[in-house]
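Chains as they are written, first to last, in the numbering used here: chain A, 14 to 415; chain B, 285 to 741.
Errors might be hidden in some of the hints.
[What the hints assert, rightly or not] Residues from chain B shown here face chain A by an in silico Cβ test under 7 Å; the list is partial:
no.: 1; residue: Pro383
no.: 2; residue: Ala642
no.: 3; residue: Phe650
no.: 4; residue: Leu654
no.: 5; residue: Ile669
no.: 6; residue: Tyr686
no.: 7; residue: Gln726
[Unchecked claim] Result set (DSBU-like, lysine-lysine): computed pairs, CA atoms no more than 30 Å apart in a straight line:
no.: 8; chain 1: B; residue 1: Lys503; chain 2: B; residue 2: Lys488
no.: 9; chain 1: A; residue 1: Lys353; chain 2: B; residue 2: Lys694
no.: 10; chain 1: B; residue 1: Lys643; chain 2: A; residue 2: Lys353
no.: 11; chain 1: A; residue 1: Lys23; chain 2: A; residue 2: Lys33
no.: 12; chain 1: A; residue 1: Lys19; chain 2: B; residue 2: Lys545
no.: 13; chain 1: A; residue 1: Lys353; chain 2: B; residue 2: Lys291
no.: 14; chain 1: A; residue 1: Lys415; chain 2: B; residue 2: Lys478
no.: 15; chain 1: B; residue 1: Lys545; chain 2: A; residue 2: Lys353
no.: 16; chain 1: B; residue 1: Lys329; chain 2: B; residue 2: Lys296
no.: 17; chain 1: B; residue 1: Lys503; chain 2: A; residue 2: Lys415
no.: 18; chain 1: B; residue 1: Lys525; chain 2: A; residue 2: Lys415
no.: 19; chain 1: B; residue 1: Lys689; chain 2: B; residue 2: Lys643
no.: 20; chain 1: B; residue 1: Lys694; chain 2: B; residue 2: Lys653
no.: 21; chain 1: B; residue 1: Lys643; chain 2: B; residue 2: Lys653
no.: 22; chain 1: B; residue 1: Lys545; chain 2: B; residue 2: Lys488
no.: 23; chain 1: A; residue 1: Lys33; chain 2: A; residue 2: Lys19
no.: 24; chain 1: B; residue 1: Lys488; chain 2: A; residue 2: Lys415
no.: 25; chain 1: B; residue 1: Lys689; chain 2: B; residue 2: Lys521
no.: 26; chain 1: A; residue 1: Lys415; chain 2: B; residue 2: Lys288
no.: 27; chain 1: B; residue 1: Lys350; chain 2: B; residue 2: Lys525
no.: 28; chain 1: B; residue 1: Lys643; chain 2: B; residue 2: Lys291
no.: 29; chain 1: B; residue 1: Lys329; chain 2: A; residue 2: Lys353
no.: 30; chain 1: A; residue 1: Lys353; chain 2: B; residue 2: Lys689
Everything labelled a hint here was simulated from the structure, so no lab data went into it. C-beta: ideal position from N, C-alpha, C; glycine also.
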Amino acid sequence: MASLRKYLDKIKPQFEPGGKYQALQSVFEGFESFLYSPRTTSAGRYTTHIHDSIDSKRTMTIVILALLPCFVFGMYNIGYQHWLAAGANPEGAFWSLLFYGFLTVLPRLVVSYVVGLGIEFVVAQWRHEEIQEGFLVTGILIPMICPPEVSLWMLAVATAFSVIFVKEVFGGTGYNLLNVALVTRAFLFFAYPAHMSGDKVFVATGQPFGFGPEVADGFTCATPLGQISQGTLDVSGVGGHVLSTWDAFLGLMPGCMGETSTLFILIGGVLLMLAGIASWRVMLTVFAGALFMGWVANIFATPTYPMASVEPWHQLLYGGLAFAAVFMATDPVTSARTTKGKYVYGFLTGVIAVLIRTYNNGYPEGAMLAVLLMNCFAPLIDWCVVEANARRRLARLVRSQK
Amino acid sequence: MDIKIKKGLDLKLAGGIENVSAALADCRDVHGVCAICPEDYPGFKPKALVKEGDMVYAGEPVLYNKDYEGMTLVSPIDGRVKAVVRGDRRRILRVEIEPIEAGEAVPRTIFPIEKGTAANVVSSLAHLGLLARLRQRPYDVVPTEGTTMVRDIYVMCFDAAPLALSLPLEAFGNEAEEWLRSGLAVLSRLTTGKVYVACREGDKVASVSGGVPGVEIVKVAGPYPSGLPGAVIAATKPINKGETVWTLDLATAIRVGEYAKHHKYGFENYVALTGSELSAPGIAKAPDGIELKALLKGVVKDTPEHKRIISGNVFTGVRESEDGYLRFPYRQVTVIPEGDDTDEFMGWASLAPSKVSAKRSFPLSFMRKLFSPDARLNGGRRAMIMSGEYDRYMPIDILPEYLVKAILAKDVEGMERLGIYEVAPEDFALAEFADTSKLPLQQIVRDGLDYLRKELE
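In isolation and in its complexed conformation, chain A is listed as follows:
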């Protein structure tokens, strides 16, 4: 390792102002601080002399680790659904299914990271700042919340749009108002609706790099939520078999890659909570809000809104709700930041997600819109909590003067 350090020290001057590669200074420093912890020590008259070992690199890494179970299962499920769609038997073909999923998601992952990180590198250099880690998580989230075969150029355009206009123009990681990954998805959803919803896009039908069985032209299969919104309460999977609750919990159903498996999402959620990275308050209240709204809808169920007839707790198994609760609503930058505010924010996110999917037949899923809407309201919720604190102080002052 000492030789690597020596090598870095040797090439470092070339990346400093005046050096041959000065335009790549931020990139170099990004890699350097990735490889070796910075030597910067605390300074100043009023300072703590020791600092916690956690930093934003570790925080982001833990989020990625928490996403990995979903990611791996998502790859497997892409293959699984494809095999079913092709009429092939997925039993015993574990590695082929996984490999097929891997080949499908790889280009999307690469595009997402290359476009997003590329913009981050350029902006960091332009501002003469250190490269920030925020996009490491966003970059893996994006392919996980899009249909498996979303086209690469659309993904590139959407990623570039949201990184620039949702994050960088506001000042970079930590300053954004909306969740960057979700805006990418929303951009795709509203700009290319035909490619983002319906019964054709949630099962991979192509043969990436010529791999995998062939699927007949014109194949369609709606997601469970799509089927329910059309009035089919007994949802079926690809090939027509009845989708059991267990299948839905495990995630063996069509959908966006990361969102189908409630089981693996919960595993990630537990990891985030154990590590103290994501707020358990938000996670639990999103689920509580969704259950509550599902229960209310269920009481007043009418045939006009078939989704209302679903068992309230089934709402948590279908669609992107669980993923949104664990990985999207908990984004510390865009969620409510006050402790009390988090309860309100989470609960309303859950309520609105089910509200949209139940009472708006145009949108079979509402988790994305619910989180984005609540992102906008988070500052207002926080304002109320902050104001309550200020009023308490004022009331104390008035009492003391009596």
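Since chain A is already given, all that's left is putting chain B on it; use the hints.
Coordinates of chain B only, in the frame set by chain A:
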């Protein structure tokens, strides 16, 4: 009154004094050059009363406050002024005094603080160099001119900071109990409210000061920052706009009492020498402002690694060089590794149990009983990303994140509404330690307090 501080953290650091009574018995006397650093007394605008070569006796004023001319800082020893060290724009950084054998005793003016009006007592304490040892909130400054009857006075009788020493009352002298009682009696005449004496359960201070009129004992339980006045004030009677409180430590209260009894007071302290870079942590007896060279002689590990010498504790202390001095109000020196000469490969991914953290993302940390952290930030400075991190370590009913933002935005009204009058920089020390974004919170709060004071005066 019993209070329990829940929002806090006790860090287990290596280099502590295990057996206090043995260390006290083993303690050595240290003498050497002493320095008075006006910077340690926020709000004190120093003007020199002495020049190089002047002879001074212990207790003789050497600096006075331009904003409060009766307030002085006094020499801790008999000696000669070695230097008046100045920095930018001739600002006085410190007055160094070298010890010289005391000659003839000089007759000194006596200030009878045990009687007289509150205004007279305050001005006497100011002349004696004792008032500058108090802190006034709001703004965390030395008491300002014209402030006589404050709302309450808080005497902090223990130190919960990592490796800090909470001395038993006997260590302050044979007459310490008597001095403490008379000190509290003097202080109780300077407030319209009470003198709160904050101590741990079972501390002798409680039984000694219990009977003094106007004194209320507050038994504090819980981790750091329970020994800081901010936490205790918040739990007893938070400061409202327009109210003023004074805070001081046990040693200062005892000195006030000592003066009331004998018309002189001592400057000797027991100083805790701690930290993982000391070969033998222990206790030394030395005057205020002693040079660290003398204090640390022979106890620092003889290793080539860079070391950070902190006058005080790891959370709020002052960084000093080897040629530095013991700074007020600390009676502790901590020496830890500096860390700027180490290369840690992918430290952010480390699973080493030696990593010190308040978070749960270092799963193996529980294997360690004691930690030896260095002074590195352990990461790059970022915008505020994680939420609620500061609240967990703030036993005061404020929203620290929003207060910090109001300070950064120089939003005067916002600072007032969010409770800046209740805080001092030290109250943010633990939050600064735990902050993932590595923001300099204490400095931000100090700047905010100074800015607000300038704006409103």
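Structure-based check of each hint:
1. Pro383: This interface hint is violated because 28 Å lies over the 7 Å limit.
2. Ala642: holds (6 Å)
3. Phe650: violated (13 Å)
4. Leu654: violated (13 Å)
5. Ile669: holds (5 Å)
6. Tyr686: holds (5 Å)
7. Gln726: With a closest approach of 4 Å, the B:Gln726 hint holds.
8. B:Lys503 - B:Lys488: holds (11 Å)
9. A:Lys353 - B:Lys694: holds (26 Å)
10. B:Lys643 - A:Lys353: Given pair B:Lys643, A:Lys353 holds - Cα atoms ~21 Å apart, limit 30 Å.
11. A:Lys23 - A:Lys33: Since the Cα atoms of A:Lys23 and A:Lys33 sit roughly 13 Å apart, the hinted pair holds (cutoff 30 Å).
12. A:Lys19 - B:Lys545: Distance of about 66 Å is beyond 30 Å: violated.
13. A:Lys353 - B:Lys291: holds (16 Å)
14. A:Lys415 - B:Lys478: The given pair, whose Cα atoms are some 19 Å apart, holds under the 30 Å limit.
15. B:Lys545 - A:Lys353: Not OK: B:Lys545 and A:Lys353 at ~53 Å, beyond 30 Å, violated.
16. B:Lys329 - B:Lys296: With a Cα-Cα distance of about 38 Å, the restraint between B:Lys329 and B:Lys296 is violated, given a limit of 30 Å.
17. B:Lys503 - A:Lys415: holds (29 Å)
18. B:Lys525 - A:Lys415: holds (14 Å)
19. B:Lys689 - B:Lys643: At roughly 23 Å apart (the allowed maximum being 30 Å), B:Lys643 and B:Lys689 satisfy the hint.
20. B:Lys694 - B:Lys653: It is violated: about 42 Å lies between the C-alpha atoms, which goes past 30 Å.
21. B:Lys643 - B:Lys653: holds (16 Å)
22. B:Lys545 - B:Lys488: holds (21 Å)
23. A:Lys33 - A:Lys19: holds (19 Å)
24. B:Lys488 - A:Lys415: Distance ~37 Å between B:Lys488 and A:Lys415 Cα, so the pair is violated.
25. B:Lys689 - B:Lys521: Roughly 25 Å between the alpha carbons, so the hint for B:Lys689 and B:Lys521 holds.
26. A:Lys415 - B:Lys288: Roughly 29 Å between the alpha carbons, so the hint for A:Lys415 and B:Lys288 holds.
27. B:Lys350 - B:Lys525: Given that 30 Å is the threshold and the Cα spacing comes to 26 Å, the pair holds.
28. B:Lys643 - B:Lys291: holds (14 Å)
29. B:Lys329 - A:Lys353: violated (43 Å)
30. A:Lys353 - B:Lys689: Between A:Lys353 and B:Lys689 the Cα gap is close to 19 Å, so the pair holds against 30 Å.
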